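Trainee: Please construct the entire structure, taking both the sequences and the accompanying hints into account.
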Amino acid sequence: MDDTVQLDIQRFNPETGQVPYWQTFEVPAEPGDPVLAALMRVREEQDGSLAFRASCRSGICGSDGMVINGWPRLACKTQISEVQDAHGIIRIQPLFNLPRLKDLVVDQTPFWDKFSAVFPWLMPAVDKPEPEKERRMQMEPDDFQLLSKASDCIFCQICFAACPIVGLDQEFLGPQALIKAYRFEADPRDAGTPTRAPVLDDPEGVWRCRTIFNCTEACPKGIPITRGIQVLKRAMVQEELRR
Amino acid sequence: MGQRSYRIRTIYRTGTVAWLLHRVSGLLILAYLYFHLVVLSSVVWPGGPRAFNRVVASLTTPPFIVADLALFAVILYHALNGVRLLILDMGWGLERQRPLFWSALIMGALALLGAAVVMAPLAVGR
Amino acid sequence: MRGGGRGAWPWVLQRLSALALLVLVVAHLWIEHFMHLGQAITYHGVVARLMHALYDAVDYALLLTVVYHALNGFRSVLFDRIMGPTAQRLTTGVLWVVGLATLVLGGDILSAFLNGRAWFYL
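Protein chains in written order, with my numbering: chain A, 2 to 244; chain B, 6 to 131; chain C, 108 to 229.
No lab work stands behind these hints: they were computed from the structure. All figures in this text were calculated on a predicted structure; none of them were measured in a lab. Hints are not guaranteed to be accurate.
[Said to hold, decoys possible] Only pairs whose alpha carbons sit at most 20 Å apart, straight line, appear in this in silico DMTMM-like list of lysine to aspartate or glutamate:
| no. | chain 1 | residue 1 | chain 2 | residue 2 |
| --- | --- | --- | --- | --- |
| 1 | A | K78 | A | D153 |
| 2 | A | K103 | A | E16 |
| 3 | A | K78 | A | E218 |
| 4 | A | K78 | A | E16 |
| 5 | A | K222 | B | E100 |
| 6 | A | K150 | B | E100 |
[Unchecked claim] Just some of the chain B residues that point at chain C, by a computed CB distance under 8 Å:
| no. | residue |
| --- | --- |
| 7 | L32 |
| 8 | F40 |
| 9 | L42 |
| 10 | S46 |
In this text, a Cβ means the ideal position worked out from N, Cα and C, and glycines have one as well.
Mentor: In structure tokens form, the structure reads like this:
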């Protein structure tokens with residue numbers, strides 16, 4: 002391999018307490034390699050102290066979300082040739098809107114707190130008897146179409162990092178919690194709307210969304226997040242009218 | 006939730022630019038609203054109608070006509086991007102937010118051109 | 108992440124007032140400016156051409172709608188930035204007072220034009 006790539010990586014070490022700084026690495030790489038492969042080379046061959054999360058390397062586990070050239074992406078799903086700038090350089094930072102722990106690793110707590118706040122599970126109607134056949138609640142295939150994209154979420158936190166409102170307002174639920182709420186609200190078997198409504202129909206719930214579309218544009222699974230949030234907004238207006 | 010640095014660290018894509026411009030234009034129009042009310046309130050100042058005539062005469066000079074045109078541009082942006090937001094809130098065009106933004110800008114530019122043509126004689130002081 | 112609910116109404120009203128403003132602002136600009144473009148604006152001239160019930164209705168409706176839309180919009184701008192519940196309640200209260208005061212001043216001005224005399228003079 003003759004080709005090399007220059008990675009400018011934003012480093013941070015909590016032990017020194019130093020402000021984040023940029024460090025340049027140069028590693029051999031093919032244009033078609035994923036950025037993650039180059040990062041792994043850096044860690045294996047040049048600097049073992051470089052911290053980043055990664056696991057499956059195939060866009061399923063959602064571990065390696067990071068900001069590549071100013072936009073949050075999955076490092077394993079991003080080819081080097083896609084993001085190299087005119088000088089062949091790739092700039093890598095940790096995800097926005099989450100506190101740094103070390104180098105490219107962020108503290109995911111705020112993200113998970115918001116996710117758990119929307120009751121992200123199926124809440125069947127209490128008066129419905131539990132199905133006897135294998136205790137499974139079945140669903141019509143057509144109904145599944147409504148939520149099939151929303152259920153593709155891999156919890157990579159990229160939408161959370163892409164949303165400028167999440168950056169402004171730490172109380173805002175953010176796109177991931179909202180699309181997860183949508184996934185269950187759109188499920189015909191779910192009866193959890195009265196439980197979720199106080200959280201969703203809150204100024205810090207669906208109403209803080211300003212239809213900026215960064216979440217939808219950044220989502221590596223192509224989930225139409227903004228569409229889901231817009232459906233939730235109209236559902237919440239109907240919920241208010243029903244009261 | 007601990008200490009965090011919450012700065013706007015956004016990537017300025019169409020949706021973000023549209024949102025920021027909507028904010029800025031809204032704030033400018035808010036400021037103009039109060040300016041407008043203060044000017045008009047000259048009718049209830051001591052001196053009443055005569056104070057009003059004096060204030061208005063000084064505000065219809067060419068520099069202020071040009072400022073009116075700038076104000077019109079700001080209002081046009083806020084109104085037309087507002088229509089875009091209303092369309093998106095109805096759940097329409099969610100895959101076409103960018104074309105919607107550009108259409109709003111083009112329609113606004115055309116309306117501004119029309120207003121400029123109509124107001125040009127006033128702006129040159131005739 | 109608060110969970111008190113009831114956030115829908117400011118949002119709905121902001122959109123309804125926006126729709127109303129699309130009509131009212133165009134009507135206002137047309138009646139007050141473009142219909143008599145180029146004529147010198149004087150108090151008595153304005154009073155004379157506003158002698159029409161429809162114009163009254165447009166201007167009073169515009170005043171009410173624009174003050175709501177402007178201050179509610181300003182409130183969203185403020186609340187998009189992190190702000191505690193107490194500060195939010197205080198801000199909302201202040202904006203209500205400001206809004207009502209604006210309506211009184213605006214109504215007073217309109218009355219001077221539309222009825223020939225103001226409710227009060229400053």
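Trainee: Determine for every hint whether it applies to the structure shown.
Mentor: A quick look at each hint next to the structure:
no., hint, result
1, A:K78 - A:D153, "16 Å, holds"
2, A:K103 - A:E16, "9 Å, holds"
3, A:K78 - A:E218, "15 Å, holds"
4, A:K78 - A:E16, "31 Å, violated"
5, A:K222 - B:E100, "16 Å, holds"
6, A:K150 - B:E100, "15 Å, holds"
7, L32, "7 Å, holds"
8, F40, "12 Å, violated"
9, L42, "6 Å, holds"
10, S46, "6 Å, holds"
Comparing the model with each earlier hint shows violations of hints 4, 8; every other hint is respected.
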